[in-house]
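Heads up: the sequence lines are chains A and B, in that order. What the first sequence shows, in our numbering, is residues 1 to 228, in sequence order. What the second sequence shows, in our numbering, is residues 1 to 228, in sequence order.
These aren't lab readings, by the way, just hints derived from the structure by calculation. Backbone N, C-alpha and C fix where the C-beta goes; we use that ideal spot for every residue, glycine too. Among these hints, one or two may not hold up.
[Stated by the list, open to error] Only pairs whose alpha carbons sit at most 20 Å apart, straight line, appear in this in silico DMTMM-like list of lysine to aspartate or glutamate:
(1) A:K52 with B:D196
(2) A:K52 with B:E212
(3) B:K52 with A:D196
(4) A:K136 with A:D155
(5) B:K52 with A:E212
[As the list claims (entries may be wrong)] Per label pair, the in silico range of CB-to-CB distance:
(6) A:S40 with B:A12: 50 to 58 Å
(7) B:E146 with A:L67: 17 to 25 Å
(8) B:Q3 with A:T210: 28 to 36 Å
[Said to hold, decoys possible] Over the 10 Å line for every Cβ pair with chain B, so calculated as not near, a few chain A residues:
(9) V19
(10) V39
(11) D64
(12) A70
(13) G113
(14) E125
(15) D160
2 protein chains.
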Amino acid sequence: VVQRSEFLVQLADVRATLVRITGLARDAISDASAALLTVSLEPVPRVRAVRKEISELTAAVERDVYLVLAMQQPVASDLRTVLAALRSGANLDRMGVLASHIATVAERRFPLGAVPDELHAIVTEMAAIAERLILKAGSVVAHLDEAMAAELIADDDAMDALHRQLFFILLTDWPHGVEAAIDLTLISRYYERFADHSAAIGEDVRYLVTGERPPLDSGEDPWFDAVS
Amino acid sequence: VVQRSEFLVQLADVRATLVRITGLARDAISDASAALLTVSLEPVPRVRAVRKEISELTAAVERDVYLVLAMQQPVASDLRTVLAALRSGANLDRMGVLASHIATVAERRFPLGAVPDELHAIVTEMAAIAERLILKAGSVVAHLDEAMAAELIADDDAMDALHRQLFFILLTDWPHGVEAAIDLTLISRYYERFADHSAAIGEDVRYLVTGERPPLDSGEDPWFDAVS
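Please construct the entire structure, taking both the sequences and the accompanying hints into account.
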């Protein structure tokens with residue numbers, strides 16, 4: 001009984017750390033988007049610092065999970081919980097990296113802006129969805145809410161739709177040259193992958209709750225849909 | 001003793017499956033590169049089929065690892081081995097997806113080629129490095145060769161260098177328009193991420209052998225270096 005209660009404490013710690021990381025990932029994407037959309041360098045060092053903190057915390061989650069597996073040897077839903085924590089940590093770490101890539105694009109273009117006027121609304125909407133997704137991912141991890149986890153998976157579609165719209169504009173009368181097009185292609189890809197990782201956290205939690213892994217994804221490429 | 005030998009058999013099965021998946025990932029990237037570089041649709045359905053097979057096999061690895069953890073409750077290096085297998089499976093699955101994305105670009109542009117003459121040599125070299133990396137990853141997993149795992153991590157730099165070269169050409173007198181630039185940006189990113197996942201398999205195996213996880217990565221963005 002002592003061992004079981006110790007396990008539950010360790011698990012609660014890991015979960016609290018993951019929730020904290022979702023907050024940091026939200027800060028990172030929010031600051032990166034601000035740097036990009038308000039053409040400011042001021043948030044960039046914060047993005048870098050937070051991205052580093054995320055990596056340190058996800059590494060700590062990994063170590064804790066290892067210890068829990070080695071010492072407690074969980075089975076059934078306890079085992080699923082620790083494996084889901086491991087996967088969610090990996091997803092959150094990538095989200096920090098992607099936010100940092102977005103900040104880098106903003107920094108590289110400064111004092112010019114990377115996002116021309118006609119794409120400002122779309123990128124602003126991408127940034128808003130990314131923030132909403134990571135906020136929801138935080139709740140999903142905190143409350144292990146299966147219904148909200150399913151929402152997270154569905155919300156990813158909204159980002160894909162924006163990704164397609166952005167490519168459509170890039171391919172129709174684009175007056176801003178190749179460098180801007182490359183920047184926007186990468187920015188859009190980074191936001192899209194950020195959303196994918198949020199959806200993956202939804203899958204992780206669904207797995208934890210139901211024991212079911214997602215169906216194999218279709219491998220659909222939103223860019224393909226944009227032009228075919 | 002029976003349990004231990006059963007564990008070793010299960011582990012050998014998981015490892016054999018991972019080695020098999022590296023072979024499939026090599027087929028996938030090889031066929032995808034052929035579609036792209038020889039401007040042919042013929043390899044495309046094979047890439048799709050192999051990508052699906054990779055996902056099925058990595059899902060099977062995940063199930064097997066879950067069973068091993070639940071039934072055998074491994075500790076120490078045995079635990080590291082199963083966790084490394086889990087991570088390598090996830091890396092290989094992404095590599096299949098990336099190969100499939102490359103095939104999709106080739107398909108979308110057909111009967112035109114997506115790679116203009118002046119970039120043919122660079123993309124051919126990227127394809128060659130990708131194949132070499134996944135071949136090496138197969139050996140690393142098969143023989144748990146730590147020295148070769150370290151090579152895999154270093155080889156990733158060669159791909160980053162090509163990624164930078166490609167961007168340099170895109171930004172210098174690019175006569176092929178925005179759509180071609182977007183295609184090349186994505187192709188280059190897909191090869192670069194394919195190499196990252198090979199390097200990550202090197203890290204997985206190094207962790208397995210030494211128990212050490214890699215230092216936190218610098219978050220360096222090769223595209224940033226290309227233009228700054």
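Open item on the list: Output the indices of the hints that this structure fails to meet, ascending.
Closed with: 12
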